[in-house]
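S.K.: These protein sequence lines are chains P and H, in that order. The numbering used here numbers the first residue of the first sequence as 1 and each following residue consecutively. The numbering used here numbers the first residue of the second sequence as 1001 and each following residue consecutively.
Among the hints, erroneous ones may be present.
[Stated by the list, open to error] Here are the simulated lysine to aspartate or glutamate pairs, EDC-like style, with alpha carbons at most 16 Å apart:
(1) Lys99(P) <-> Glu124(P)
(2) Lys451(P) <-> Asp418(P)
(3) Lys1093(H) <-> Asp1073(H)
(4) Lys1129(H) <-> Asp103(P)
(5) Lys99(P) <-> Asp13(P)
(6) Lys1140(H) <-> Glu74(P)
These are calculated hints, taken from the structure and not from any lab test.
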Amino acid sequence: MVVARVCESAIVDVPIEEVWRWLRDFNSHWDWHPAIAESEIENGLPADSVGAVRAFTLQDGGFLREQLLSLDDETHELSYCLIESPLPLYNYVATIRLKPVTDTGATFWQWESEFNPPADRARELKALVANDIYRAGMRALERRLREGPSGGGDGILRVARARESKPLYEPAPKEADAQRSEATTAPNVQATGSLQARAVVMDRYGGPEVLSLRDMDVPLPGPGEVRIRQAHIGVNFIDIYCRTGYFDLVSLPGVPGMEAAGVVESVGPGVSHLAVGDRVAYACPPTGAYASVRTMSADLVVRIPDWLDTAHAAAGLLKGVTAGFLLHDVHTVERGEWVVVHAAAGGVGTLITQWAAALGARVIGTVSDQEKARVAEANGASEVLIGRRTEFIERVRQLTGGRGADVIYDAIGRDSFDASVAALAIRGHLVSFGQASGDIGPREIGPMASKSITLSRPNYGHYIADRAMMTMQAERLFEALDRGFLTIPEPQVAPLENVAEVHLELEAGRTTGAIVLEA
Amino acid sequence: MTRVYVSSVIPAPAASVWRRVRDFNGLPEWTPFVAESRIEQGLPSDKVGCIRNFTLTDGGKIREQLLALSDYDMSCTYSILESPMGVEDYIAKLSLTPVTDGNVTFAQWQADFECAPEPEQALIEQIGKGVFQTAFNALKQSFGGR
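Turn these sequences into a full structure, and let the hints guide you.
M.R.: Spelled out as structure tokens, the structure:
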């Protein structure tokens, strides 16, 4: 018999009595746990009576019953067991334990359990309990408590609610569910297990007219794969290079697109980090994102936090992860460093500027016009310069007391390269990560010795090459978003059928901010 | 019985913090108020039953006996045999628990003892703030926290 033990814990920045007030109500979980759709205490018992049974349904439709075994207001501890579940979590007994952190007024929350899973599913089930139930739950309740009564919660004790005895299956609208209702339209399941999807297909390379919307069968996920019901799809400039054939990443006939967010619809064998119903996103090759349903390798697909909606995830994952590795891995930006960000009002430039400023760097942004200068300033740049010619070099020198910049983030390329080198400090770092003005061409590296310059040419793919890297990058981004270090700007949303028009606008430079397609 | 309970979050993995605090003879290394310490009768400092004999920076002398030590629970329980504080039946437990979300450490220190009614408040203050919290603050600082 396999014995699985799971123990998760967190520091919740809320006083212990406030956390306990919710947890001691055995029926409160459907008010705060993102996985729970509805819950009821059987036989009209008060929700804090030992022996009470809660019967509840999950967002994915699963039905469970759990019984309260002990509840102790003195030690802030409760335990419960599972008496009915669609998952083989045999002999599952869990304990929740709170302790005060006396020197900060926060709460230590430990949630642990023991159960007997089938041997071949032990890893998967342990990960599910640890991440999707415990960790997700602790974070959700903390967020709920910190938002206070205005955050959509009524904040009042609900112990008495069990007596209202609401029928379990009566649909109860929950305001917090709004974002989860994305992509819940019942799929059209085929006999073979494949799903009907709408996809943007191209048969040849060319202009926007080669993009056409078609119905497609999406197969069941194979080993290591997931099938995702996609809610929003990110549109990036690389999609245009794929469409024209400049990059041969789409083999014809094929579906373009490399970034999307949605909900896991089914999981293939051997996938343990994702489960049906998980809200997820990805930003990686291969192409195939322009579709309402997609089956793909699960490796680089990450779960997204409850507070991040799919439109923002699809608009910001690629750019946010890029900003993250540029500021932490390619160069580690330190407090007080002088950082130059070219195109500081652009997609990635906006995020780099915000994040670098939050890290304590002094950011000099460059932009091309007055309107973008205001955006860059709002992003937290301490100085914004219009243009990147000799005045730029001079101004950076003045601002840095003659030293020059410690690091320059340059995605302009051809037109800015020389000015960037000139504006660097001794032992400065030029991070050249794009070429919006055209190919950089051959450059002399000899003269770089005059300032001991470091040059980086990072490639996105090498920083998200496997699941460990992608998870680290995504979690760093989500944490920074959660802490308010940066904000993904509100994306424009267009229906999938307008894809050709969206490409036309993007190519012509007529768009501002990110665009996502709604599947 | 009087109880003092202090807890804190140390910004480092529990195994690292435990390496620092598990040595029953190691108070001078991580607390600011112990000047020197030795284990009586040359016993190893992780032998349950051993006695530490230490001198505070203010000159006070204390003898404490190790009652329990667990590398599994990361906890250590000890009693006071002799001290200038005026406490009886003093038993304290220091324990560490990993916080999985963030990989930091939840540290708890609790003491139960008997004492005369008049100095009780002062003792609670002295043990809770002067000893346990001061030691936690030093730990936090040494692991890079504020």
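S.K.: Where does the structure disagree with the numbered hints, that is, which hint numbers, in rising order?
M.R.: 1, 6
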